[in-house]
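Undergrad: Chains as they are written, first to last, in our numbering: chain Z, 1 to 223; chain U, 1 to 548; chain P, 1 to 350.
Hints listed in this document are in silico derivations from the structure and should not be mistaken for laboratory results.
Any given hint could turn out to be false.
[Unchecked claim] Quick partial rundown of chain Z residues pointing at chain U, CB under 7 Å, derived from the structure:
{"hint": "1", "residue": "HIS12"}
{"hint": "2", "residue": "ASN24"}
{"hint": "3", "residue": "ALA27"}
{"hint": "4", "residue": "ASP28"}
{"hint": "5", "residue": "GLY47"}
{"hint": "6", "residue": "PRO136"}
[As the list claims (entries may be wrong)] Below, a list of computed lysine-lysine pairs in the DSS-like style, where the Cα atoms sit at most 25 Å apart:
{"hint": "7", "chain 1": "U", "residue 1": "LYS348", "chain 2": "U", "residue 2": "LYS22"}
{"hint": "8", "chain 1": "P", "residue 1": "LYS67", "chain 2": "Z", "residue 2": "LYS138"}
{"hint": "9", "chain 1": "P", "residue 1": "LYS67", "chain 2": "U", "residue 2": "LYS430"}
{"hint": "10", "chain 1": "U", "residue 1": "LYS22", "chain 2": "Z", "residue 2": "LYS184"}
{"hint": "11", "chain 1": "P", "residue 1": "LYS293", "chain 2": "Z", "residue 2": "LYS138"}
The model shown is predicted, which means the values in this text are computed figures rather than measured ones.
Every residue, glycine too, gets a C-beta built ideally from N, C-alpha and C.
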Amino acid sequence: MSAAAEHGHEHHPPYLAHHFFNMNQQADSVKMGMWLFLVQEILFFAGLFMAYIAMRYIYPDTWLAAAEELDKVMGATNTVVLLTSSLTMALGVRAAQMGNNKAVAGWCAATLLGAYGFMIIKYIEYSHKLHVGLLPGKFYSFEGLEQAATEAPQIFFSVYFMMTGVHGLHVVIGIGVIFWIMMKALGNSFNSENYAAVENVGLYWHLVDLIWIFLFPLLYLVR
Amino acid sequence: MSTTSLDGVGHDSAGTNYLNAKRGIMSWLFTIDHKRIGVMYLVTVLTFFLAGGLLALGVRAELFTPEGDLFSANTYNRLFTLHGAIMVFLVLVPAIPATLGNFVLPLQLGTLDVAFPKLNLASFHIYVLGACFLLFVLITGGVDTGWTFYTPYSSGGGADGHVVFALMGAFILGFSSILTGLNFIVTIHKMRAPGVTWGRLPLFLWAIYATSVIQVLATPVIAITLFLLMFENIVGIGIFDPALGGDPVLFQHFFWFYSHPVVYVMALPAFGVISETVTIHSRRHIFGYTAIAASSVAIAAIGFLIWGHHMYVSGQSELSGTIFSMLTFGVGLPTAIKLLSWIATLYKGSIRMNTVMLYTLAFLWIFAIGGLTGLFLATLATDVHLHDTYFVVAHFHYVMMGGVLFALIAGMHHWWPKITGKMFNESIAKVSWVVVFVGYNLTFFPQFIAGSRGMPRRYHQYIPEFELWNQLSTIGSFTFGLGLFMVLGYLLQSIFKGEKAPANPWGGVSLEWEALSPPVEHNFSGPVVCTKGPYDFPEAVSPVGHDH
Amino acid sequence: MNSLLLPLLGARAAEAAEGATFWMPPQASTTAADSDFVFYFIYWTCVVFFTIMMGAVGYFVLAYRQKSENDKVPLMKGSHALEIGWSLIPAVFMAGMFWFGFQVWIDLAVPPADSMEVRVTGQKWSWSYAYKHDGKIIKEAGADAECMKKVTDPTRDIECNKPLRVPAGKPVKLVMNSIDVLHSFYVPDFRVKKDVVPGRYTVLWFEAPEPGEHNIFCTEYCGDKHGYMYSKVIVMPPAEFDAWIQKRADETVDGPRPGDQIFAQEGCTGCHTTDGSPSVGPSMKGLYGKTEKLADGSSVQVDDNYLRESILVPGAKVVEGFAPTMPPFQGRLSDEEVSNLIDYIKTLAE
Chain Z
1 MSAAAEHGHE HHPPYLAHHF FNMNQQADSV KMGMWLFLVQ EILFFAGLFM
51 AYIAMRYIYP DTWLAAAEEL DKVMGATNTV VLLTSSLTMA LGVRAAQMGN
101 NKAVAGWCAA TLLGAYGFMI IKYIEYSHKL HVGLLPGKFY SFEGLEQAAT
151 EAPQIFFSVY FMMTGVHGLH VVIGIGVIFW IMMKALGNSF NSENYAAVEN
201 VGLYWHLVDL IWIFLFPLLY LVR
Chain U
1 MSTTSLDGVG HDSAGTNYLN AKRGIMSWLF TIDHKRIGVM YLVTVLTFFL
51 AGGLLALGVR AELFTPEGDL FSANTYNRLF TLHGAIMVFL VLVPAIPATL
101 GNFVLPLQLG TLDVAFPKLN LASFHIYVLG ACFLLFVLIT GGVDTGWTFY
151 TPYSSGGGAD GHVVFALMGA FILGFSSILT GLNFIVTIHK MRAPGVTWGR
201 LPLFLWAIYA TSVIQVLATP VIAITLFLLM FENIVGIGIF DPALGGDPVL
251 FQHFFWFYSH PVVYVMALPA FGVISETVTI HSRRHIFGYT AIAASSVAIA
301 AIGFLIWGHH MYVSGQSELS GTIFSMLTFG VGLPTAIKLL SWIATLYKGS
351 IRMNTVMLYT LAFLWIFAIG GLTGLFLATL ATDVHLHDTY FVVAHFHYVM
401 MGGVLFALIA GMHHWWPKIT GKMFNESIAK VSWVVVFVGY NLTFFPQFIA
451 GSRGMPRRYH QYIPEFELWN QLSTIGSFTF GLGLFMVLGY LLQSIFKGEK
501 APANPWGGVS LEWEALSPPV EHNFSGPVVC TKGPYDFPEA VSPVGHDH
Chain P
1 MNSLLLPLLG ARAAEAAEGA TFWMPPQAST TAADSDFVFY FIYWTCVVFF
51 TIMMGAVGYF VLAYRQKSEN DKVPLMKGSH ALEIGWSLIP AVFMAGMFWF
101 GFQVWIDLAV PPADSMEVRV TGQKWSWSYA YKHDGKIIKE AGADAECMKK
151 VTDPTRDIEC NKPLRVPAGK PVKLVMNSID VLHSFYVPDF RVKKDVVPGR
201 YTVLWFEAPE PGEHNIFCTE YCGDKHGYMY SKVIVMPPAE FDAWIQKRAD
251 ETVDGPRPGD QIFAQEGCTG CHTTDGSPSV GPSMKGLYGK TEKLADGSSV
301 QVDDNYLRES ILVPGAKVVE GFAPTMPPFQ GRLSDEEVSN LIDYIKTLAE
């Protein structure tokens, strides 16, 4: 059968793992693996969204009032930043498919710029909250919210920090893997046969972006 | 099937197999060979089973008398908590998939390894890391929250011990499970040898496939649950603790959303093993291949919808309870179909009453009881009476422990020649089986009676009217333990003194039996092609006139 | 079987309660018989199916044992008729189980309109009950002190804890709440159970037709003394119950209770002793006036203010060596009652 013929005679480039017969099988497998990984990431975040829904259901007025303390402008800016970085990442994947390693490195750098930008804006937001006492759970000490009108405002901020915190952690991990791809591109690793790694990192980054697209309105644009 | 011209003795042309091809502890700890990884998992899982088992014997020793006279209440609570946490997270989840699954899956697919061998090794190391956290907790005196970590007791309501460390341990272990599941799904999709169609996939692999899907989808939910509970403890985020504004029943929903499907992560691979053993050792084609494959998928799917049957009396609405009860019966049906199909497989077979078959038959008995007693708990009215009593303890030990363990033992014996290249002593094995089976039933059956009569769970001491059942159970547990030590004994002995095993001691026709016993490092010495189904034994004769 | 095994095991011959069967305790509530019907419907269905299945296994194993090396077996991969049959028949039985169970479930879900309401409070590790009668709130809590002195076997605590008294032949609705962690209220003889949850109320109802005594167990793990959280339901003839509750109403003085009564009724004895012996929390003996070292390293003198704070907001200053698990009594005790409690604690100073 064809498998027997292929394994013996097809070229075995250094980027083809020994247990795969050919690049097709490898690339297919790696892509499927990545999708499965993303599915479980979605389930992970789904738990956080469930916590949001449950707590908002119990404290609807608190949600409305507490969300006002978030900076919509910064949130919206972050949304634009991440969306742009998704675009640059997608362009990087295209460059990898064409074997243009220099462009891959360039687009990765652009994506990293977006990622860092996101984290910087996040830092600004977080430090403001630290400063005024808008913190989760037992660290909450903000005086500004009408205590009579809002029950348990610290819970909103617990949910806010858990969701944006876990998301931010994923952004940091994304920075790491995009940096790794950039280094590989600088080492001329990618070509039209071998670009799965870039594609998969791209998928990851798109998911990180997508999650933020949901987080932003749910936390910042509560009406 | 393509055959090699080798003589069936465990060596390839270079004289090595996967066990001796590379030597030294580093060649094991950093191996990417799925067979070595499977063996390492087997050793660690059985070690943790021993630890969890000793804790259980401590619990049963205390319960021999009604008074709480052996341990303090606090110590007892830590004993059963650690017993549960170790058994669920460290033993039952990886018990079959990570051990036998890792070893057998690529062989049954006719391929070299899993899709991501390095990820496979990472899964193992992550498992060990998670285990270290739980072991740290064990050594520093344990926790007393129960393995279910219900809030608010576990979120500042009085729990003792390093709760956050225990949660970290379970959290880390989840990643091992997810990555293994991911690996297996891709392997089954992308790395089947030519001729291994979906319709020719051994049922063990259908089971592993369904299991892996659950692992990937459900485990992240317990991960986030434990993560949130950690922060509830550290920061007081107020999601689960009513004193902080949270909802303790919400925790139960989060927890059981994973913890119900996880019992199918445990049970489905067990079912897969039984499909293999009941066929090979009766020489009959499996009855209802499609039904069994489909029922694995159905159980996985329905299993996600029924977590609320752990919560009928939790204070959730009566309507929720009703819906969950209806759906729970839905999962009973595919399970019953499997059991009946295995029994039908024995019909007009040529049954070898060897150790593997004995454990297979024991499984049928045990899982029948376990599954049927689940009906009492699925039913609303009876669960009100039986919830949180020893009836539940008996039920889950019959399905999870009895089902998984007996299938694991059956599978270990079935693939022992393949894994070790040695045969074990059948006579000692059969005697041990008697001790194990009698001990097991004596341990857990009386617990049904104690439970239906009203004895609650997690009780350090109890009123004297439950004494007889507890004494029977304790005697059973020590007997059962003795039997398991006997099994360990003769299996270890076989490694050193056992007869050399042929490549195909049982006459199987699935692809793993094409490999040598033990297999060479790269599984097969040449390319593999599959030309028949995994249960197309040569003994089968078409009845004249019709063919199903 | 008991009489054969008991001497062998040394198991205590517990009296079989009247009306108990092999599997079930006596039926002491109006819904128990219906609940048991469901149980036995499932039970006999299971027995029959189990016997058929294991019978088949047994028969096949005997009849189809390997006879020779050259055994032939028929090529049978399935049978649609059999598969449909053994899917439909269990499905029908399962539908029946669901239906019967659902019927009783609905009964249990709706307390009768004329139920007598009793408030139940669960806490670590005791139950307390409150009735409304004659415009008064009657609390039944704590343990009978004289009785406790005679008890050496903790499993017999059940005899001393204040029971839940109810009239026979009248429906009783329990409105339940926990002040700390999850508990669960279970009366095996009535076949009823409901979790007792902090932060919300849960409801359970029953009607006991005959006078008698029935065990109450806590069935949601709640820490050290989860297994000691015993109580009893004492079902009294209606006239006796009426007399009892009237007497209790007459005894109940409106207004703040004396300190020792508060100490007994609010579950303090669950974690604090009065004789100096160690427990979950510090002993009250010799406490007033003592200098205590706190968990954060600082010291505090135990005076009125400290005691008041520790009762109302116990997490504020936790003594070193003890876990911060005392539930707050803010809102549960009036100022006067807090003062009475402090006065009582003062009397225990050496």
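Undergrad: Could you run down the list of hints and mark each one as holding or not?
TA: Evaluated hints:
no., hint, result
1, HIS12, "violated (13 Å)"
2, ASN24, "violated (10 Å)"
3, ALA27, "violated (10 Å)"
4, ASP28, "holds (6 Å)"
5, GLY47, "holds (3 Å)"
6, PRO136, "holds (5 Å)"
7, U/LYS348 / U/LYS22, "violated (46 Å)"
8, P/LYS67 / Z/LYS138, "violated (74 Å)"
9, P/LYS67 / U/LYS430, "holds (20 Å)"
10, U/LYS22 / Z/LYS184, "violated (32 Å)"
11, P/LYS293 / Z/LYS138, "holds (24 Å)"
This entry does not satisfy hints 1, 2, 3, 7, 8, 10, going by the numbered hints stated previously.
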